[in-house]
Each structure stands twice: as C-alpha cells, then as structure tokens.
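Trainee: Chains as they are written, first to last, in the numbering used here: chain A, 1184 to 1483; chain B, 1493 to 2150.
Everything labelled a hint here was simulated from the structure, so no lab data went into it.
The model shown is predicted, which means the values in this text are computed figures rather than measured ones.
Backbone N, C-alpha and C define an ideal beta-carbon position, used for all residues, glycine too.
One thing to keep in mind: the hints can contain errors.
Incomplete in silico selection of chain B near chain A, CB under 8 Å [as the list claims (entries may be wrong)]:
| hint | residue |
| --- | --- |
| 1 | Q1525 |
| 2 | P1526 |
| 3 | L1527 |
| 4 | E1528 |
| 5 | P1530 |
| 6 | T1532 |
| 7 | Y1533 |
| 8 | R1536 |
| 9 | I1539 |
| 10 | R1742 |
| 11 | M2039 |
| 12 | H2043 |
| 13 | K2045 |
| 14 | F2064 |
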Amino acid sequence: MPASTNKTELLSPELLAQLERLELVSRKIFRGRMKGERKSKRKGNSVEFADFRPYVHGDDLRFIDWNTYARLDKLFLKLFLEEEDLHFYTLIDASMSMDFGEPTKLQYAKQLAASLGYIGLCRADRVRIETLGTTVRDPGPVLRGRHNLYRMVEYLEGIEPGENISLLEGVKNFCIRNSGKGVLILITDLMDKTGYEAALRFLMAQQMDVYVIHTLSPVELKPEEQIKGDLKLVDCEDSDFAEITVSRPLLDRYKKTLASFIDGARTYCAKRGMVYTLANTETPVDQLVSTYLRQRGLVR
Amino acid sequence: MMFLNTLGPLSWALLLIIPPAILALYFLKLRRQPLEVPSTYLWRRTIEDLHVNSLWQKLRQSILLFLQLLFIFLIIIACLRPGFSGSSLDGDRFIFLIDNSASMNATDVEDAADRLSAAKNHVADLIDQMKRGDVAMILSFSNRAKIVHQYTNDRRKLLAKLKAIEPTNRTSDISEALRVASGLANPGQSSFEEGDEMVAESKPATMYIFSDGQFPSVQDFSLGNLNPIYFPIGNPISSNLAIVAFSTQRNPERENQLQAYARIERYGDTAPTEVEASLYYNGDLLDVSRVSIPEDGAAGVQFDLGTLEAGKIKLELDVKDDFALDNVAYAAINPPRKAKVLVVTSGNEYLQFALATDEIEKISDVAIVDPTFLEGDQYKAESAIGAYDLVIYEQCAPETMPNANTLFIGMNPPSEGWSFGETANIPQIIDTTRSHPIMSFIDLGNVSIYEANAVNAPQGATTLIDSDIGSLFTIAPREGYEDAVLGFAFLAIEDGKSFYNTEWTKRLSFPVFVKNIVEYLGNIERGNTGTSIRPGAQFNYRTEAPMPEIHIKPPSGKERTIGRHGQNMFSFSETEMIGTYDVREGAANDARQHFSVNIFNSQESNIIPSNEIQTEWEVIEGKSQWSPVRKELWKLLIVFAIIVLIVEWYIYNRRVYL
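So that you can see chain A by itself, here it is in the shape it has in the complex (with noise of 0.2 Å):
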C-alpha cells in the first residue's frame, strides 16, 4: 500500500481556530531556557512572590525586603518565581511502515504534530519538531511564536517517509542532541523489530515529559477487511516476508497479538511514567486532540 501524496492540508482554519484556545501542559515544571509565559522552578523577575532567603554576600541588593529588615533587623531577600518558556519536542517516526494507511500514518503524525506545534506556539512556547532520522548535523528549527507557523508547517511537509534508522537510534540521537528538560511527543508505531523497551528507556532518562502516541493504521488494527486470501506478506522496511493463509483462526490470533502488543506498550510506557495513547488514523486529529490528549492531559 505506498503512499499516496496526501496534499490536504495539515491545519485547517477551522482546526487553528479550535486549538488557539487549547494550551500545553507540563506535568512537571522544567527549566525554560527564556522567559516565557511559564512559571519556573527558578526564582526571577516575575511580579509572582515565591520565597524569602537570607542575604548573602553578593545578592542584588535590589531584592532585598526593606520592611521586613526594618521590623527584624535582619536582611531577607525577596524571591519571585522566574516565568519560563516550555520545551515542547515532537518527535516523528518518519520510517517506511509509517507511509500506510488512509490517510498514511506519517501525514497523521504530522498533522498532530502541527496541531500541537501550533498549541505551543500560541503559547510561546519553544517548538521542536523531529523526525527520527533527524542527525546531528541536520536538527529540526527551534520555533517560538505563532509568526512561525509557516516554517513549523513547511518543515512539517518536507519530511518525506524512509527518513529514520531504527527507532532505538532515532531516539539515541535526539537525546544526545537534546538534553533539556520539557515535554516531549513521540509519534510512532512502535514497529521496531528489535523492540520499543530500548528507546523508550532512553527517553525515561531525560527525565522528560513523555507522551508515547502509537499510530496505527486500520490496516494493522483490522486487516480482515484488506487481507485475504493466501499471501506472502512483505515488510516494507527490510523485505522480510511471512507467508500465510488468512484463516478466521489466524486472524483470531493476530488480533490477540496485535492486543498484547497494545498492552504490553501502554503497561511498559504506564510502569515507566510516560503517557500512552493509541491513535487510530481513522480518528480526526482535532478528535484526538480535544477528546483523547485532553484526558490525558496534555493540552488543557
């Protein structure tokens, strides 16, 4: 099933318009890298009063509370609580098996990740959106601002399917890339055939905000309706083939592993803190994002 040049759009006016009024959240509260809209686990320049602290040698003596050195002889600093901007990464399985499906798995991705992009943007936040074949000397731009939507969106469009390596390295090079604190989506099928557990424990270690969004396409979540008849199954990544009859029992069971495989990521991803939610490409993406990423607590 190659892919077809999906040439809708990725946002619609209509979609913008629902998603202006959505907003990022972070589970934890990370360490911005500038000032942003976000409080901040640092103390800053905010009119937000968090803390006092003793003087010491050096402090700004511009913070330092002349009422309470008056009431108390002692001298205090004032510490506000430093708003920052939020990390948002987003980060595309762009491999070959993501090219399938009605629409294709990599044009749904990219149409989330446009949709969520554009969330952070609105919010000024900083933007990132990767694919797993992104190298080191190629990275994804940083966007902050929504005059940015273009670039998000053209960038989104350029990234053409067969991109990535595995999805361990994929996930290998974006840490050592980027070792910053913030929410990180990633987007894929999980269709590693040496296993997600690697990669996933990788991201575990950035200790960032993971959001696992398991794309799968109908073909994969009901191939009755598509497959029949005696096939020789051919993997689109590495060539790799199974024969087989479909049979109501052998799909019985590839329905029970294709159930376990469900379960096994959402417990793996659940054990481990991350969040995971299973996207059906059959599902609008303004769907997902209202409905399913909301109860999970992405966006607010």
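Assemble chain B onto chain A, guided by the hints.
Mentor: Positioned in the frame of chain A, the structure of chain B alone reads:
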C-alpha cells in the same frame, strides 16, 4: 455392492488425471500473492505460535484441497455407478410364504445364521421395496400354515411380524399354506375372518415362496389368480447325515435282551461316509459304534443293550454337518407294565409262595381270592370290563369266560372246544414245547404226576406238555385272549384228605413256570420302547386307573400339568422340542412312561434345496437368482458431491476454517 462401468478407458484416463491435477494446481497456487505491509512484525509473532502445531495448521490450510479431492472422488465413484442388488416386486399385492420347518434351521447359507434368517432377510428386502399403496401379507408354514400378518400396507408392522417368525422343528408341508394363500387370492373361497375387507375382495396376488422345497408334492390344488415365485433357500452342495429311525426292541432270540436299532441316511456328495455313533443311557455313554454309510444311501446300526431297566437313551452322530437337529435321536425304555393277576384258589401254599417272589411282585399285582368270590358282583363287573390281565382258576371255573387271559389248573374251562379226557394215573411226560415262552427254562424230567386228564383243545391250540395219554397242557387263543389249561391239579382230594398230586411244586422249575405264566399271559413286555412322535404332533396317553391329571416334563425341564378329557384320556400337543418327555401320573413321584420327539423324516433331513415345487398340475420353477434390479447409489453420491461443493464455496468465501 456392485459396480457398473459407465466410462470408456479414455474417459477414465481423463477422469483419473483430475486428482493429480488438483494437487498440482494446489502446489502452484502456493505461490502466494505478495503484499507489502507496514511491518511483518506482528504477523511474524502471530505465525510463530502456529509453527508449534504446523502440521495441523497445514492440514487446516489445505481443507479446500481435501474438499476438492473429496468432490472429485465422489464424482469418480458415481461414474462407477455403484448399486445394491435387489429383487423387484411385481404387482401391488404380495403374499410372502416363509418355510419355518426343521430343515430351515440348516446353516448352509451365506450372510445369515440359518436358512430361515436368510429367507427373512430376503423378505425384509422385498418389503422395503413396497411402494405406497402396495399391500402384503406374510404366511409361515411348516406342516401347517400360520398367518403371520394379514394384508396390510404398513411396512413397519410387516417387518416387526416378520422378525418374530421363529424356527420350528416340524416337518414341512406347503399345501395348507398354498390353500390359505389361494383362498385369499381367488374369489369364491371362504374368508378367514368375518368382515375382513382385505379377504373379501379377492384379487390377483404375487406369491413369493421362500423354502428349501423339500416337502411332498402338492395334490389337488390349482393356483388360479396366484402368481407364484419360488426362491429356493439353501446351498445345493450342502451335506447332511441324519438319523431317520431309532428304536429299541427285544432280541428275538433272547427275549429278555434289548436291542437298539438306528437307520442313518446320507445326503449330499460332501457328507462323510463314516461316522461315529454314540449311544447314551440316562446321559452316560453306553456304547460307540463306527458306521460306514455307502456313497448313495443309508446304513443301519445295531446296539445290544443287554437287560436294561427303564430309562432314556440317546443316539448321537459325531459329525458337523449343515443340519444339526437330526444328528441326535431319542428313545425311551418304559418300565414294564404291571400285570393285574387274579388267582382264584381254595388254598395252595406252593402256588401262593411262587406268586410272592420279588420277580413276580415287580411285574404284577396279584390278588388271591376264594372261589366264592366268583359269585360276587365285583368279580362279574371287573371280569366283564377286562380289569384283569390274567385270571388263574385253580380247580374252579367261572360261569362265563372273563375278558382276560386265563389259566385253568385241573379244571375244564366253560368254553366251547375244551374237554377233559379220561383220568389216567401217572402219565409219562413225553415232551415240552420249550420254544414257547411259557415253557422256556422249564425241565420236567424230574416231575411225576399222580392223576391227570388229557386236554382236548379247540382249533389253533398249542400243546405245551405232551404225554402218553395226550396233551397235559394246552394253550389256545380266544377272541384276542389266550386260555391255557393244565390237565392236572397240584392238590388232589381223596377221601376228604388233600395231598399233592405232583411234586412239581417242590421242583426248581415251578416258580420259573409261574413267572413265565405271569409274564406271558399277563401281557408283560420288557423293554417297551416309548412312542416316538414328530415335533408338533399330538401325544395321546391313556392311564390304566382313573387319574385327574398327568404331568408331562419336556426336555426343557418345565413340567406341564394336563387335565384329562374323556375317560382316562389325556392329550398333549406342546411337543415342538426334540427330546424325551417324561409322563408322571397323578401324585406319583416317578415317571410312569417316557415318549420321545424326533424328526425321523427323510424328506426333512434331505436338506438339498429343490429347484422346483411340484403341484399336481403345475411346476413352479425356482428362481436361480434374484431379478437383477439395482438400487442405484449414484444419485446419492452426486447429491453428496454437490453438498461438498457448497461447503467448499462457503469456506472459501467466508474463510471459516474448521
């Protein structure tokens, strides 16, 4: 199962190529259509599990192949046109005549236990072929006919009744069955049950006769509306050895010795020509004899039994032939009948002493009375009805001769032809007729007689003791009885004193003489063979004294009580079983008599089936084979093949794998 080839060699070659072709196509089909999928990851994991039971999986995967092969196999079988052989039923009214006589117990048939079962199977086949509206009735016959079921179209009932037909040990005679059948088929003959519509409307009918054809030819019978079809049951090359006669009798040379005589016949070329015959007495082996039977015919065998008491004897042939019932024969030696003896004497110690011996008591009931008894009413009544077997008058005579054998001692009987000559002193005995039973073992050489009269006898008399003055002892017949007259008395009376006229009474020969008298004139038969009747025949029995009932114990062991009909007459007809039956009178503990039931019928023992049935005017030819009507199976096979095809189509489309 028979097959009819419907295709030529070329067609067969083409047809037989198809299964390998299907196999080849199936292997070619295994070049699976390639399909690119996102990942074989999940599929691999799925089929990995299946590899564990891959053989079963392969079988499951090729169910379509199997169904196709089954389909073509069914088509090939259908092309062979398989079918069962059956016989056709002509007409719409059928009468099935089934022989259940003794010879139908022969085991010379294939596919069945015996001939009767084979016949029943054939009839069941025919009943199965009855069409809607056809009616049939079943008759069974041995020496008499029995309507097993009246005309009906209820096949289930017919089959149930057919199953219930039991073999019998009777002889066969088809004529009664034919008459019954013809009465139902020909108008103008009486019906069996009033208001029976089926019988009333007489119509032509097809009559199927299942028999071995061994019965007397049918006389005075015409078939009329009946269309007979005769199926001989049995194997023409069967073999049988049979005892057709078996009885005991006295040795004519030695009266007290018994002999058993049997006649053995041989049927069929394969029957053995030599056989061992074992004789059993009350269950114990008594004698064995080897009998050679000529190629074509019969042989007799004789056994000397000596002096056997009453009991049952059985003769058994040690042979395994097709018909076992006639390899055994039964006979019985009945206990001697006790003679009723009346002795009229005014007193004779020696005579009374001789009549009191054990031997005499065993064979007779002796009553001793005074001559005055002759004037009483009891004597007159009893002598008139023949209540006595023997009356001995010692020096007295009745007014009229009794209805019994008599012995007159020293007295002239009041009967025509008898007279005494002049009284002579000390006659010389010249000769005794020793060949006569009365005089056997009697030596009168040491006997002298004081006074005697010559006996003049009527015609036909036999002189038993001859003397110089004439006959001293004569026996002569009288209307079925015999009178013996002794010309001298044992006691003589002279001058008012009695003395012994002869010393014979003191000699050893005297008690022997008395015993001979009682045995011969008392009508005692030693070794009386019990009657032998055919199975199913009526046994009539007459008791001597009035009895309210008798008990008959068949070989099966369950005693039956029979009430009398008429004066002292009893009849018993449950004589189906071959063997010896015991008859016990009234409250007596021991069997009074035995009778035996044997087949003893050459026609029944000749089990080689006859090819035709002879009637007086017609000959019914036997069908050597069943009419070649086939019950076709190919339609069924084609239907089955179509079902297979539908199942295959369904599985292919729905991917429902079993």
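Trainee: Indicate, hint by hint, whether the structure satisfies it.
Mentor: Now for the hints, and whether the structure bears them out:
Interface hint status for Q1525(B): upheld, as the beta-carbon distance to the closest one in chain A is roughly 6 Å, under 8 Å. This hint holds: P1526(B) has a C-beta 5 Å from the nearest C-beta of chain A, less than the 8 Å allowed. For L1527(B), the interface hint holds, since its Cβ comes within 8 Å of a Cβ in chain A; the closest pair sits about 5 Å apart. For E1528(B), the interface hint holds, the least distance from its beta-carbon to any beta-carbon of chain A being 5 Å, beneath 8 Å.
Residue-level restraint check for P1530(B) holds (minimum Cβ-Cβ distance to chain A is 4 Å; threshold 8 Å). Restraint check, T1532(B) versus chain A: the minimum CB separation of about 4 Å is within 8 Å; hint holds. Interface restraint check: Y1533(B) against chain A, minimum CB-CB distance 5 Å, threshold 8 Å, status holds. With its C-beta approaching chain A no nearer than about 5 Å, R1536(B) sits inside the 8 Å limit, and its interface hint holds.
The interface hint given for I1539(B) is met, as the beta carbon of that residue sits about 6 Å from the closest beta carbon of chain A, less than 8 Å. Interface restraint check for R1742(B): the shortest CB-CB distance to chain A comes to about 93 Å, outside 8 Å, so the restraint is violated. Taking 8 Å as the C-beta cut-off, the interface hint given for M2039(B) is violated, the closest approach to chain A being about 88 Å. A distance limit of 8 Å between C-beta atoms decides the matter here; for H2043(B) the minimum to chain A is near 78 Å, and the interface restraint is violated.
Hint on K2045(B) is violated. Least Cβ distance to chain A is approximately 74 Å, over the 8 Å limit. Annotation: interface hint on F2064(B) violated; nearest CB of chain A at approximately 77 Å, more than 8 Å.
Comparing the model with each earlier hint shows violations of hints 10, 11, 12, 13 and 14; every other hint is respected.
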